[in-house]
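Student: So the chains spell out like this:
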Amino acid sequence: GDSVTQMEGPVTLSEEAFLTINCTYTATGYPSLFWYVQYPGEGLQLLLKATKADDKGSNKGFEATYRKETTSFHLEKGSVQVSDSAVYFCALSDRNTGNQFYFGTGTSLTVIP
Amino acid sequence: DTGVSQDPRHKITKRGQNVTFRCDPISEHNRLYWYRQTLGQGPEFLTYFQNEAQLEKSRLLSDRFSAERPKGSFSTLEIQRTEQGDSAMYLCASSLGLGEQFFGPGTRLTVL
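These protein sequence lines are chains A and B, in that order. Per our numbering, the very first residue in the first sequence carries number 96; after that it's consecutive. Per our numbering, the very first residue in the second sequence carries number 42; after that it's consecutive.
Rather than coming from a laboratory, the hints here were simulated on the basis of the structure. Don't take each hint at face value.
[Stated by the list, open to error] Below, a list of computed lysine-lysine pairs in the DSSO-like style, where the Cα atoms sit at most 30 Å apart: (1) Lys98(B) with Lys52(B); (2) Lys98(B) with Lys112(B); (3) Lys55(B) with Lys98(B); (4) Lys172(A) with Lys151(A); (5) Lys147(A) with Lys98(B); (6) Lys98(B) with Lys163(A); (7) Lys98(B) with Lys144(A).
Let the sequences and hints guide you as you build the complete structure.
Tutor: Printed below as a string of structure tokens:
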């Protein structure tokens, strides 16, 4: 079945450091890939997405490229800010199997000044 | 557009009691999904509706769980004879067809 494996945390970085959170997936079809963010006390928010191989999703300085050959969708940001402190979830959905999401376990990021 | 809303936001109950949660999706969205998120884990799919039809249920959805969407608008999730292992955040999401899913703020259930 479909699944997502996500880099375990927690991750602690200094402000302006480079961020990478690894995500790999297993899917029987042709999924869309997503990164969601959950700030403390809040619900899930879509950060970025990519719907087909080689697509790059980007938002708020974050980027992730859909790599079919390595079944990966790693999240990157060149210079993190304190306000980026949150839990990040990688997820996939497949239109051919109901479009429900399969989430990774989440990676907690703390950015210190 | 007020987004997806869920009620209540928090529920504390004693083991063995029944609880019911409500989700109001974005008004024009025909698909509605329920997920469960336990501490330190990502959300796990429970079930989804297209209009009033419940099209898929995860094996996580035991016989004690039942979900309805009687008029294709709001949905309820009921848990009978709650157990401590049911303690989790219950998330609802909605979408227009196979489009982007929008998540509600969740209902946090604590079973004592």
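Student: If a hint holds in the structure, say so; if it does not, say that too.
Tutor: So, going through the hints one by one against the coordinates:
1. Lys98(B) with Lys52(B): Since the Cα atoms of Lys98(B) and Lys52(B) sit roughly 23 Å apart, the hinted pair holds (cutoff 30 Å).
2. Lys98(B) with Lys112(B): Roughly 19 Å between the alpha carbons, so the hint for Lys98(B) and Lys112(B) holds.
3. Lys55(B) with Lys98(B): holds, 26 Å
4. Lys172(A) with Lys151(A): Answer holds: Lys172(A) to Lys151(A) is near 13 Å, not above 30 Å.
5. Lys147(A) with Lys98(B): holds, 27 Å
6. Lys98(B) with Lys163(A): holds, 29 Å
7. Lys98(B) with Lys144(A): Holds. Lys98(B) to Lys144(A) sits at ~25 Å (cutoff 30 Å).
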